[in-house]
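4 protein chains.
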Amino acid sequence: MCRWMGWYGQPVRIEELLFESKHGLIDQSLHSRMGAETTNGDGFGLGWYSLSGDDPGVYHSVAPAWNDPNLRELAAHIESPLFLAHVRATSGTAIQNTNCHPFRHGRWLFVHNGVLAGFPAMRRDLMLAVEPELFPNIQGSTDSEVLFHLALTFGLEDDPVAALERAIGFVEVTAERHGIEHVVQASIGVSDGQRLWAVRYSTEGRSRTLFVSADAASIRELHPDNARLQRVRDEDRLVVSEPFSDLPGIWHEIPESTALVVQPGEDEQRPFRPQRAAVASGFTAPATVP
Amino acid sequence: MCRWMGWYGQPVRIEELLFESKHGLIDQSLHSRMGAETTNGDGFGLGWYSLSGDDPGVYHSVAPAWNDPNLRELAAHIESPLFLAHVRATSGTAIQNTNCHPFRHGRWLFVHNGVLAGFPAMRRDLMLAVEPELFPNIQGSTDSEVLFHLALTFGLEDDPVAALERAIGFVEVTAERHGIEHVVQASIGVSDGQRLWAVRYSTEGRSRTLFVSADAASIRELHPDNARLQRVRDEDRLVVSEPFSDLPGIWHEIPESTALVVQPGEDEQRPFRPQRAAVASGFTAPATVP
Amino acid sequence: MCRWMGWYGQPVRIEELLFESKHGLIDQSLHSRMGAETTNGDGFGLGWYSLSGDDPGVYHSVAPAWNDPNLRELAAHIESPLFLAHVRATSGTAIQNTNCHPFRHGRWLFVHNGVLAGFPAMRRDLMLAVEPELFPNIQGSTDSEVLFHLALTFGLEDDPVAALERAIGFVEVTAERHGIEHVVQASIGVSDGQRLWAVRYSTEGRSRTLFVSADAASIRELHPDNARLQRVRDEDRLVVSEPFSDLPGIWHEIPESTALVVQPGEDEQRPFRPQRAAVASGFTAPATVP
Amino acid sequence: MCRWMGWYGQPVRIEELLFESKHGLIDQSLHSRMGAETTNGDGFGLGWYSLSGDDPGVYHSVAPAWNDPNLRELAAHIESPLFLAHVRATSGTAIQNTNCHPFRHGRWLFVHNGVLAGFPAMRRDLMLAVEPELFPNIQGSTDSEVLFHLALTFGLEDDPVAALERAIGFVEVTAERHGIEHVVQASIGVSDGQRLWAVRYSTEGRSRTLFVSADAASIRELHPDNARLQRVRDEDRLVVSEPFSDLPGIWHEIPESTALVVQPGEDEQRPFRPQRAAVASGFTAPATVP
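Residue numbers (my numbering), protein chains in the order written: chain A, 1 to 290; chain B, 291 to 580; chain C, 581 to 870; chain D, 871 to 1160.
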């Protein structure tokens, strides 16, 4: 089982949230390593936006995150107002940098915790539905990267939630044709550097968890010793696939089948409904070899 | 530019040919590293058959071959009557184990020195033509792995040379549709543990080199200090993409557009002619998403 | 916490004990990864002897053992009558191949589960006591490698148990000078290809566990589906740092402060008593810079 | 043979000097890879200072620099007014991150192109002379890291050039005791974030090359298409172990046995004379095991 976290708010040194908090993502991996829960030692990734407005940077590594000196250096030297971090636990595909999240396309970052059940059997059909011009960009062998490229194919850059609804609908239709049950299990994070979308969904209706920090006060409470975070603003948000702590009132759980949009002004939460019918009727698969 | 070598003959410790010879593949890499020629530092692979008749073993590494302790250990402890070794120089795809040769399917090993020009543009069409049941086995992002799976699709296990002629013909037809010139540049090694096929071919008719050791005497001459190789049999063969030395009479050059079959009894050499027409008319692309 | 296992007996394919048993070392790592206990994902090593009588081969990797294709290949293709395997969990030193066990010197292999407390403070003094000719062979930064070289300095190749008693005595004397308590925590495996020594000891008298398979019948019981292991001989022994299963009667626990010698004929078990006095009085530290 | 470069001046994106210039360090590695000269594919390192005044960041990698996506990301997203980059070609020690330059101690960075001849034989004596408190910081197995810690022992943080003169003098005295000739071959870069010291020296008097950019105009000439570098200031300096181009007038060669100090105001160049006598008489080796 993978884990991920997203930060949206004032610029922070990445290490402040990744390492120094005793509730950070790496600390989670370390604790899971210490026996409490599942380990995530099969790859790590970080995607971050700069204040400069450049395309996001990405760091991928197959070294264990809790013991990767390069990651510590990066996290200590990079400030970012918006980043996504992901620790991976493979269910079979190769452990290699090209299989690490976040995946990137231009200004877009994508992380996925979960699985497409029966992916090897569906892989060809799903890749085939990817926009031909995007096809060469698929460099690894994971279900998540293909799902990202399907979402790009279905318009992620115009309307991320709608595109994910169509992409996941398409996966579900494909799975039915293959006789695969409960195909999608997902918590997904997407960003373009301006907003952060977080989706919780599973075909079965028993999704992996997803949480958003309740408010500025809760972030301050999570990091009592961090002077900077004591100055956190009301708009700052932490989104996490797993709760970092059990302090009451800190986290809002994102409900089943829901998309959260973290953005300037009021955040938005709305139902997430895969567009299966729409895909079946309206979508024309890209042309194939004659 | 990649390099490869194949050994077919009496069992040898792999290190005897890979490291100890001053004309070995690793020594070549080392020399190229020392300034004489192109380096091959982007991945190494070894596939070997055992006397036991098991499926071949494969070792892949992205460490430089000249300085990989695991490879030295393996090569020192494994005896094999038939192996293929490959050093890689990427022209762009990721440096990762899943991109290292030899590729394997059951008892079959495949190495390729060369390139499919314009591969990113053709990648989708070529992968699409791979037998759907084989599709999930493509784990990396190289042109060579796709070419291997095309050859498997076109019958490699029944008739390797004919299958390669059809696969390369199919690549050439696809390239023409994409307006790509001189698409195939290849020296290819294939084995099933019983025979060793070596093909030299390029669309342009200016192929990378390919050589086979002239006879037992020439192998003895190449390894004057190797007691075991002084007992080499007349059937033993070394196939190499680049000449290891310039001793006159040691190597036979495989001509342009030629397939060599190293096998029990007399070796065979025959023209290699891609089957473009056959493919265009007779080949039915595997069914795609409806 | 690290783990290790040793096999002494008839030749087996390494994978039979490492992967295929549901009680194997890798399976343990996998289970610990699944949440039950500590993970060992910071390095793997295998040292094996061949029937040929050659020096042992060694394979080291920092990829997670449960997902390392090269390890699976090796384990599937190598037969060995005597091997040591080790999974590592670092408590701080770098994750790199030169820090992976087994360490090797000529025909000798050495694995260690445990720790020398306060090692950074003692490192210089301990390295200084290593025989100057052995000094350049220390390639990594672990306490275990230094302990091995101390044991070599104190005569491991002549009398492994006595040398370990002197080496650990020397470490304990050094620790006292540095004010370090409970310095040694160890289960140690050593072999020269003829015998397998296993030591359980800690300064505190609360040592990591160490077990030896009870007898041939117990090994057969551990691997009910393995035809080869059903033919296991009475002399065959499995030594493990952690019990693979809780089947009653399968394992003998090695007592505290005990050395086990697995050898042709009757095995031997004897007290392990660090030689602190002997070292303090009789040992002359190697000459240092004038 | 290693290579290194140092930048001292206005903040630049590291990629501007490392990748985008056709005379950059990576381009050099690539060219050497393409056949013109020695390859440097055994490890890469980058140490950079930020405007914030923090301790420098360090990135180490054993992937080939020309094909390391993480390095490209870093170089594209980090701005620095002072950095050191190093590509490594090992002459035998392990290829691992802990052997990659720059080495760091607090605010200090150190790179070395060259070799200490006969290092394995001297390694123990040299490490023994390292200040005991610094000893645990030696994490790798290279001669360069030991030389750095000797220089720290001899006062690098107070007077870098004098400390290097004492450290190298000590190495030369030690080498003589071991009967090693021509022991030191070095071009060395050192920085504390305020100044950049560059030393060219060899025992034999035939040192590796070392160059400094002539003046602002020459840097502009080296990067005609880089708008930012067209605004380069007179104080900005590029120091390189190998000339990036042969444009006349671009580079000043640092003479044999010379130390260059790049600093605010006028740079300084002075003779570099190892302090052998001083060491022999005045230096007291740190206390050893009693």
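For the record, the hints were derived by calculation from the structure and aren't laboratory data.
Idealized CB from N, CA, C, for every residue including glycine.
It cannot be assumed that every hint is accurate.
So the derived label-pair ranges between C-beta atoms look like this [unchecked claim]:
1) R687/C with L921/D: 50 to 60 Å
2) P712/C with E1123/D: 32 to 42 Å
3) P881/D with E266/A: 35 to 45 Å
4) D524/B with Q849/C: 31 to 41 Å
5) P700/C with G92/A: 48 to 58 Å
Covered by chain A, according to a simulated footprint, are these stretches of chain D (three or more residues, beta-carbon under 8 Å) [to be verified]:
6) 921-935
7) 946-953
Check your understanding: Checking against the hints above, which ones are violated?
Key -> Numbers 4 and 5, in rising order.
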